[in-house]
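Keeping their order, the protein sequence lines are chains A and B. Every letter in the first sequence is one number past the one before it in this note's numbering, and letter 51, counting from 1, is 51. Every letter in the second sequence is one number past the one before it in this note's numbering, and letter 106, counting from 1, is 106.
Since the hints were derived computationally from the structure, they do not count as laboratory data. Ideal Cβ positions, reconstructed from N, Cα and C, are used throughout, including at glycine. There may be inaccurate statements among the hints.
To be verified - Here are a few chain A residues that sit away from chain B, every Cβ distance over 10 angstroms (derived from the structure):
no.: 1; residue: 43
no.: 2; residue: 76
no.: 3; residue: 92
no.: 4; residue: 139
Said to hold, decoys possible - What follows is a set of in silico ranges between Cβ atoms, one per label pair, in the way DEER data are often shown:
no.: 5; chain 1: A; residue 1: 42; chain 2: B; residue 2: 300; range: 39 to 47 angstroms
no.: 6; chain 1: B; residue 1: 272; chain 2: A; residue 2: 103; range: 49 to 57 angstroms
no.: 7; chain 1: B; residue 1: 43; chain 2: A; residue 2: 42; range: 28 to 36 angstroms
no.: 8; chain 1: B; residue 1: 69; chain 2: A; residue 2: 85; range: 22 to 30 angstroms
no.: 9; chain 1: A; residue 1: 57; chain 2: B; residue 2: 76; range: 24 to 32 angstroms
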Amino acid sequence: MTVRRPTASQAREVAATVLDPEMPMLSLADLGVLRDVQVDDDARVVVTITPTYSGCPAMATMRADLQVRLRSAGFEDVEVRTALHPAWSTDWISDDGRRKLREAGISPPGATAPPAHGGPVPLTLLSGPRRVTCPQCGSPDTRETSYFGSTACKAQYRCAACGEPFDHVKEI
Amino acid sequence: MTDRTQIDHGAYEGLVEAHDDSRWAFGTGFDDPLVGVDTTMPEGVDGAGLAAYCLMLADDALVMSQRLAQWSTCAPELEEEVALANIGLDLLGQARLLLARAAAADPSVLPVLPEGSPVPAEDALAFFRDEMAFRNVRLVELDNGDFARSSLRLLVFSTWRLALLGRLRGSRDSVLAAVAAKGVKEVTYHRDYVARWVVTLAQGTPESRRRTEAALHTVWPYVAELLGTHPVERNLAEAGVAVDPASVRDELHGVLAQVFAAAELTPPEGPTASAVTGRAGRDGVHTETMGPLLAEMQVVARAHPSGLW
Chain A
1 MTVRRPTASQ AREVAATVLD PEMPMLSLAD LGVLRDVQVD DDARVVVTIT PTYSGCPAMA
61 TMRADLQVRL RSAGFEDVEV RTALHPAWST DWISDDGRRK LREAGISPPG ATAPPAHGGP
121 VPLTLLSGPR RVTCPQCGSP DTRETSYFGS TACKAQYRCA ACGEPFDHVK EI
Chain B
1 MTDRTQIDHG AYEGLVEAHD DSRWAFGTGF DDPLVGVDTT MPEGVDGAGL AAYCLMLADD
61 ALVMSQRLAQ WSTCAPELEE EVALANIGLD LLGQARLLLA RAAAADPSVL PVLPEGSPVP
121 AEDALAFFRD EMAFRNVRLV ELDNGDFARS SLRLLVFSTW RLALLGRLRG SRDSVLAAVA
181 AKGVKEVTYH RDYVARWVVT LAQGTPESRR RTEAALHTVW PYVAELLGTH PVERNLAEAG
241 VAVDPASVRD ELHGVLAQVF AAAELTPPEG PTASAVTGRA GRDGVHTETM GPLLAEMQVV
301 ARAHPSGLW
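When you get a sec, could you build the whole thing from the sequences and use the hints?
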């Protein structure tokens, strides 16, 4: 058996197929948490991922899944690192990822507000300008039923037109 | 007669993916949340001081998270339970990173564990320190009380923490700066959520208003402590690493005034919660609610310090 001398693009191709444990319709690449895949001089594959939220309970699983997937694809030496900076943003979810979310009945995030430069973050006492369309019927007549949802990254909505409840990925 | 080993094997098989021993329900899924992150100390900063400061920020988040977790199965609505658990999870994540940062900056802060114990640094700090070693402000350890008191406390806490984290983004310590940049996004959301609840409760029924006013009287005496500057904070703030809590006074009171105006609430005039010869949470001097909180949080880990059962 010959040991493959891996290339970064081969390794990236494999790493990009690993699915997010909590939203398995998305790959880590779709979600935008796969920061970097490199192969160092010792033929070690170094994958860098970033957490969506500080308390994201899926990080350990992602790390383990990347190890397993890359090893079973023949990459023997794999290291998975964490990058905290710059902080993940929902703007990094790919167009393909947004389409897959919608197809799974989850409303994809809109664009995030531009960051305030210095100064305090303004308080929002009234519901913000977020406009969410129903992923089932496309109606804009929706309302937020809960500010938080089944995972850290989602809020819950209901569509007034078709009556269906659905998840919305919050803009951060 | 059934072969017992086979049954056990079958039961455990469901817990793991094929050829993947990292998904056991217990034990091997924990790893350093700072793996691969550059934890080099910023120039001219001493490790012990940085560790002490990280413990302060970590313990605030950890203890607040524990109080929020206590609402699980007890919240007035399922949605609020999910919300409080989500907020607690974000804070727990911040605490993990900060505890790991503390351990990397000064390993001598770690409690001594039995030889060969697999307990990672962050868990050792969370579960094996005694009350006097916790550096959280007393606001976060107060009993939950009713939903109004928990909401009022969370409003004060998230407003204060957001003000701190906003400034901490410019820290010379790259790990603290990164934790803060991420935390700002999370805590902004927490603050908006809970500010709306405080207004709703204050402007709701006479009973919800009565409870919210009572909550304000209970919580308010602990606000002054948030703005006091501990020597550790002063030294590191001068070194460009920490935020002096006194510097967030205007933002804290400004934002709270906005919420209180909408809620038509007036903070009480009155004495602040007393310190013991000038010492309070940041010095490890806590209220009587802290012991039971830690007992509940730490009992399982302390019963199994080697991670075996």
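Here is what the structure says about each hint:
No beta-carbon of chain B comes within 10 angstroms of the beta-carbon of residue 43/A; the shortest separation is about 18 angstroms. Once the 10 angstroms rule is applied to beta carbons, residue 76/A is consistent with being away from chain B; the minimum gap is 15 angstroms. Listed as a non-interface residue, residue 92/A keeps its Cβ farther than 10 angstroms from every Cβ of chain B; the least gap is roughly 13 angstroms. No Cβ of chain B approaches the Cβ of residue 139/A within 10 angstroms, the least distance being about 22 angstroms, so the stated non-interface status holds.
Residue 42/A and residue 300/B have their C-beta atoms about 41 angstroms apart, which keeps the hinted 39 to 47 angstroms range intact. Roughly 55 angstroms separates the CB atoms of residue 272/B and residue 103/A, a value that falls within the hinted 49 to 57 angstroms. Residue 43/B and residue 42/A have their C-beta atoms about 31 angstroms apart, which keeps the hinted 28 to 36 angstroms range intact. Checked against the hint of 22 to 30 angstroms, the C-beta distance between residue 69/B and residue 85/A comes to roughly 28 angstroms, which is consistent with it.
Taken as a hint, the range 24 to 32 angstroms holds for the pair residue 57/A and residue 76/B, whose Cβ atoms sit roughly 25 angstroms apart.
Comparing the model with each earlier hint shows no violations; every hint is respected.
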